[in-house]
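Sequential numbering of the sequence shown, starting at 0, is according to numbering that gives the first Met the number 0.
What the hints contain is simulated information worked out from the structure, not anything from laboratory work. Keep in mind it's a predicted model, so treat the numbers as computed, not measured. Mixed in with the good hints, there may be bad ones.
Pairwise CB distance ranges, derived in the manner of DEER restraints [as the list claims (entries may be wrong)]:
1. M156 to G124: 43 to 49 angstroms
2. E72 to Y148: 25 to 31 angstroms
3. R43 to A85: 16 to 22 angstroms
4. P71 to K105: 43 to 49 angstroms
5. I127 to E155: 37 to 43 angstroms
6. Y42 to Y110: 18 to 24 angstroms
Backbone N, C-alpha and C fix where the C-beta goes; we use that ideal spot for every residue, glycine too.
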Amino acid sequence: MNWDDSQVNDNPESEASEVYESESEEESSGEQISDELEDNATYREWYAQAMETTEEMRAEKYEKYIAEGLDPEQAKEKAYTKTLWAVKRAFFNQFTTFLWSFAHLKDDDLYQEITDELEDKMDYGADIHTAIKRVVAKYQAKFDGLFLYDEDADEEMEADDEDSV
Numbered sequence: 000m001n002w003d004d005s006q007v008n009d010n011p012e013s014e015a016s017e018v019y020e021s022e023s024e025e026e027s028s029g030e031q032i033s034d035e036l037e038d039n040a041t042y043r044e045w046y047a048q049a050m051e052t053t054e055e056m057r058a059e060k061y062e063k064y065i066a067e068g069l070d071p072e073q074a075k076e077k078a079y080t081k082t083l084w085a086v087k088r089a090f091f092n093q094f095t096t097f098l099w100s101f102a103h104l105k106d107d108d109l110y111q112e113i114t115d116e117l118e119d120k121m122d123y124g125a126d127i128h129t130a131i132k133r134v135v136a137k138y139q140a141k142f143d144g145l146f147l148y149d150e151d152a153d154e155e156m157e158a159d160d161e162d163s164v
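Turn these sequences into a full structure, and let the hints steer you where they fit.
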């Protein structure tokens, strides 16, 4: 902490109590943030996908620990702990991809129009899945230009293929 002279406290008991209260507030705030993260559908989905991605690795560890004589619950916990790095990597790869996309979309006029309409539909009571289906269907034609055959891009891909051979 950076202290200036006006913040110096001559009573060490009071200072200790303030530090304790501050740490308690931080812990409480941390728990609140954690609960909010756990309630977020996107984070839960990314976590589930990360768990699915690392399932084979976790299963191998589990079998190894069972063979070493651990009971099933201990083997499961140890396998989870030992593969947590891979789960986190998969989760944060998805998060990074999202942030990259968002950074490129946030100032896009069409994106703004789509998200505004999505929010309007949800404000009028549509559930998220229905609102998304309707908005995507409505704006799908605006993306048709992305799917047109591009002869120049095709030639570039052929040139890249020839360079890599």
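Hint numbers not upheld by this structure, sorted from lowest to highest
Structure breaks hint 2 only.
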